[in-house]
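Using the sequences provided together with the hints, build the complete structure.
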Amino acid sequence: MRKGQPDRLTTGLMQQIADRSEPVELSYREAVRAAIRDAMIRDERVFLMGEDVGRYGGCYAVSKGLQAEFGPERIRDAPLAESGFTGAGVGAAIAGMRPIVELMTVNFSLLALDQILNSAATLRHMSGNQFGVPLVIRMATGAGRQLAAQHSHSLEGWYAHIPGIKVLAPATLEDARGMLWTALQDPDPVLIFENIVLYNMMGKLAADAGPVEIAKAAVRHAGRDVSLITYGGSLWKTLEAASLLAAENIEAEVIDLRSLRPLDDATIIASVSKTRRAVIIDEGWRSGGISAEIYARIVEQAFWELDAPPGRVCSEETPIPYPRHLEQAAIPQASKIVAAAKSALGRGG
Amino acid sequence: MRKGQPDRLTTGLMQQIADRSEPVELSYREAVRAAIRDAMIRDERVFLMGEDVGRYGGCYAVSKGLQAEFGPERIRDAPLAESGFTGAGVGAAIAGMRPIVELMTVNFSLLALDQILNSAATLRHMSGNQFGVPLVIRMATGAGRQLAAQHSHSLEGWYAHIPGIKVLAPATLEDARGMLWTALQDPDPVLIFENIVLYNMMGKLAADAGPVEIAKAAVRHAGRDVSLITYGGSLWKTLEAASLLAAENIEAEVIDLRSLRPLDDATIIASVSKTRRAVIIDEGWRSGGISAEIYARIVEQAFWELDAPPGRVCSEETPIPYPRHLEQAAIPQASKIVAAAKSALGRGG
Amino acid sequence: MSAAVDKPRLSRAHELDLLKQMIRIRRFEDACAELYTQEKIRGFLHLYDGEEAVAAGVIPLLESRDRIVSTYREHGHALMRGVPMKAALAEMYGKQEGCSGGRGGSMHLFDRATNFYGGNAIVGGGLPMAVGLALADHMRKENNVTACFFGDGAVAEGEFHESLNLAALWTLPVLFVCENNLYAMGTALALSESETDIHLKAASYRIASEAVDGMDVIAVEAAARRAIQAVRQTGKPYFLECRTYRFRAHSMFDAQLYRDKAEVEAWRKKGPILRFRGWLEANHMIHPEDIARIEAEVAAEIADAVAFAEAGTWEPVETLARFTYAEGTA
Amino acid sequence: MSAAVDKPRLSRAHELDLLKQMIRIRRFEDACAELYTQEKIRGFLHLYDGEEAVAAGVIPLLESRDRIVSTYREHGHALMRGVPMKAALAEMYGKQEGCSGGRGGSMHLFDRATNFYGGNAIVGGGLPMAVGLALADHMRKENNVTACFFGDGAVAEGEFHESLNLAALWTLPVLFVCENNLYAMGTALALSESETDIHLKAASYRIASEAVDGMDVIAVEAAARRAIQAVRQTGKPYFLECRTYRFRAHSMFDAQLYRDKAEVEAWRKKGPILRFRGWLEANHMIHPEDIARIEAEVAAEIADAVAFAEAGTWEPVETLARFTYAEGTA
Ligand SMILES: Cc1ncc(C[n+]2csc(CCOP(=O)(O)OP(=O)(O)O)c2C)c(N)n1
Ligand SMILES: Cc1ncc(C[n+]2csc(CCOP(=O)(O)OP(=O)(O)O)c2C)c(N)n1
Ligand SMILES: [Mg+2]
Ligand SMILES: [Mg+2]
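Protein chains in written order, with my numbering: chain A, 1 to 349; chain B, 350 to 698; chain C, 699 to 1028; chain D, 1029 to 1358.
Estimated spans, in silico, between C-beta atoms of each pair:
#, chain 1, residue 1, chain 2, residue 2, range
1, B, Lys-623, D, Pro-1344, 35 to 45 Å
2, B, Glu-371, D, Gly-1356, 34 to 44 Å
3, A, Ala-68, D, Val-1345, 42 to 52 Å
4, C, Arg-924, D, Arg-1287, 34 to 44 Å
5, C, Lys-839, A, Ser-243, 49 to 59 Å
6, D, Ala-1218, C, Glu-993, 49 to 59 Å
7, B, Met-551, C, Asp-728, 27 to 37 Å
8, A, Lys-216, C, Ala-1001, 53 to 63 Å
9, A, Glu-44, D, Leu-1285, 19 to 29 Å
10, B, Gln-650, A, Arg-42, 46 to 56 Å
Rather than coming from a laboratory, the hints here were simulated on the basis of the structure.
Note that the coordinates shown come from a computational prediction; the quantities given were computed from them, not determined experimentally.
A virtual CB, placed ideally from N, CA and C, is assigned to each residue, including glycine.
See below:
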């Protein structure tokens, strides 16, 4: 959060939510905070652990105020030791707690990957179902803030390769508010990726908004001409593209995957079978990204329904550069999505 | 290597090679060793660094005898500190050396992933071409030795997602012998994955075998009915499948990708355009594996040539279990490849 | 405070039991080595031969509610903890009756019933988990101890450093037990650590520490008693370095090029079983019949375990992917 | 042995230059902060305000053939090293004339000409690289020193541990410079380390170490001279902890909820520039004209740098993916 910018107090928000009055206006950041707070209140086994989640208030101000409310044991500031405290989350989860580990950003999660892949993801299977790991790991992801090559990764789709974990990408306030609790109920490790450009997004949310299911993709905009399949930060660019296409009488259907592992094949295939054309939009690098998996699944399951090869709009295959114009050129944009959709419709330039 | 099993001495082998006499018979392990030895002799900037590469002789006996020949500075035993010594390889490469870092197995490489992705892969780009990282990282990969969930990963295809690095998968003696030197000439980081089941594979190699190019895929068996696209340890299962198919009058073309990043689209598309049918075989987990990327590229570039959706034969999406029958059931087998090829030909059961 | 910690059980029965446990581990692993050559056990097999005094000295002092995190060299830990020998062996056969349902093999013995959190095949990988187990206890104010075993090689890993710091910083009841057998595979300690006196490293984290002769089961037991007592009373971590030696190869694939036969022989003479038995004999605390009885009991248990493992069943391939996620959730 | 190390240049000219360098860094970063509010500089901007004595005390003692590895808080290091101010500022603008071609921004200043191996935005990520640079020198028997800067927060990372051990084990000429400013973002040292006396940790690796008042440029210089001399003479690593303080926020996004204004104010009174200037004045080594001259020179240099950066060019989007691989190889 930019310094000095006023931040709505979670307590006030929660009060409003508790009133179950009209929909309230809040930011994505506040929705995540409300979700954490809610979980902390509902289940005393829940705690939040990560770098600067406490006194600092979270690197993106998500957990601001929570340490004052829940104390330093349950809103636990961790030293810079990503592998250590992620592994500690694994251990605490096995022992019956419900830790939320915050890895600050996906860029630093690489330091914890051994614990995620070799411990969290394998323990239930290799112990013959004796030790499950009900751990939630949250992290920020994505480019768009000019943070350059080491701080702009979009690796959520890459993580979705790993059996044994689930991968969620809340794109809406409702999901930011609702996915956490559902993830905490899951007996297995769940990774939640919050796109950094969404934190400041404002919107309305039902005052009594609560947990949401996490198994299904959502059709965020119905259309019959082409399926635009995306998730996370790219959802909003895709919806913008759908508006632009509508102006040209192209009715795009926009699917928000919500979960990257497992993927909701049924929703994807139903849409593509209807529209017969698809474009996948993903802020990850193209080669070997989740876009390729979605691509393969569409063709595997709907080859005979397709009128054209699906398209992909992904990030350029290069580390993200610092200057704004280059950064924006590197990642998906509404204009590129429009072009890809038209090209899928044989109306390319 | 199994204890007590006789191991041909590299020196003897090299003598034969030096003689440039008839093709010699040797193992894949010996081919890799010859490649390392050759590089050490040719270029004094080259050194090998990793756990147990020296006194122990390499966990798969690849570097046996080399420390006696080149000394402990250049065949450098490293402590268990994967991130530390991989990063040291990055630094030494920037400073003008030509390190070969051995990460023992891909399973441990996760501990070094930050150094690979955030340093090795980004430095040239983010420094504006001032600092390239001419580093080669070798590691064993794959299942098949009953090493269970934490020691059986096939993540080479996953690594191929990262821009800034190259990924090689030598499947033949010739490539095991020849790719290393070419990789060392590359000004950027190159990861070489050696499948553990290949180390004991025996074969003949020209006595004067040397460096090979690494930009192209190879057609290992020509055919016109279906393209079987694979690499590494699965190549041999795929060739076996091609023989089985031949017995049923199906002529399969077998493509060995050799390089997973970059992929040689031209060779893949030429083959698929001819056969109009494809099956991709990959020991990695299916979802989000390199198989998906190849799948997407085929459809993107040859949609109108395809007579059927391509097939995939990958590993089951579960950690690899210890018992042999389960492990073998988890990974690709010739029988599954045959079935997938027939199914692509509409001759499935 | 536990009875186990309170009274040093220096009775003859206790001494005999210590000896028996060490012999039991040794004979069991001799059998495993034999079964490996018969290809009943496959994959990597890491034997504990020579290091038995550590498990035997430390583990019986833990309460059943305490927790244990181990490595791929964990047969001795599992047996001492009470994982039934037959379940451990069936696991190494890969049979469904194994303590991990046959999925894990030798490197992945798990047992919820005894709070045995596994075999871990990633060097250093268990340390953060131990910190987390202890963190859960700390947050719930449960006075359990988590004992975390690891080798000298693990000390060089970043996770060692991160875990010790976290445990001390957060005041967590972890007993770190370093089994320093002087080698990490073929890498001698001096090639792996700039400071080879490992227990000194604990000071960097303000963790109390002690080094003990790991070939002397009585010394290990005494040190472990102090250590466990300290953890239980203070809730703080403690670092115990047990200096020991591995008599056999690192795994069954190791030609042992990195050390002399003579070195191994010299250490064998200091072996924990030989030494303890000699001491018991010298003190007339043991009779030849005792040894005979122990050997017979152990042999019978092993024979039972082999029969059990042989008779075990293979998991059908149909359920291969089961337990990737909890049943009914994926 | 280098002249720079040999004779402690305690001349007035030298003292004035030290002061000037610190003022130069301070004013430059004041300008950066201003340019940030104007949105000329974007992304993360980490200022060195308060820590200038470290860079000014250490870096001039290095030879041009020596190497420097830095962090995302590296403007001061870069300027001291001789990276032209205008190239640094153009980089922060993202212009092609920047020292990294505009690709890196504030966190990624690189400069091959001065052996400046960058800004690294991964905490602890530079330590293994420093080990590798020194390894190359060691293997080629080149008597260079690699100075590696990092914060107190980095000390908790596994890579800190792995790197110190490797440097000591392999006898590599690395000067580890810990800039202990008491906070890692909002995490106070006591919440990050169980042992807060950081330099003591070097003993775990048998690395010689020293802690110095990092607000006293003369003390830093003296300690750095000893340290660099030791590294150069022995080829071994050395650990220098500089105790300092960051006056400003961690980055431009930090509301500083974790510390009192009063604490910051108290430290400001001990500021390296204030203190050194006061000392020079008390000792009549400086005149008001000197300050005026320095400020004028610095202001002119900054004005030039701003003009240069403003006039710089944007890289065309067509070359976005250039240098992902070396030209002509991918
Ligand atoms: C992270 C990691 N790196 C490498 C290996 C391969 N490996 C297995 S055991 C071992 C040596 C470990 O030595 P130590 O910690 O001393 O335990 P010991 O085997 O002596 O009991 C190595 C290098 C591994 N399993 N995990
Ligand atoms: C591996 C990693 N984890 C987290 C971060 C986010 N982060 C950036 S700076 C910082 C604090 C570092 O503190 P310290 O090392 O003391 O350096 P200082 O900023 O005080 O100079 C953190 C947590 C990061 N960049 N890298
Ligand atoms: Mg050992
Ligand atoms: Mg700091």
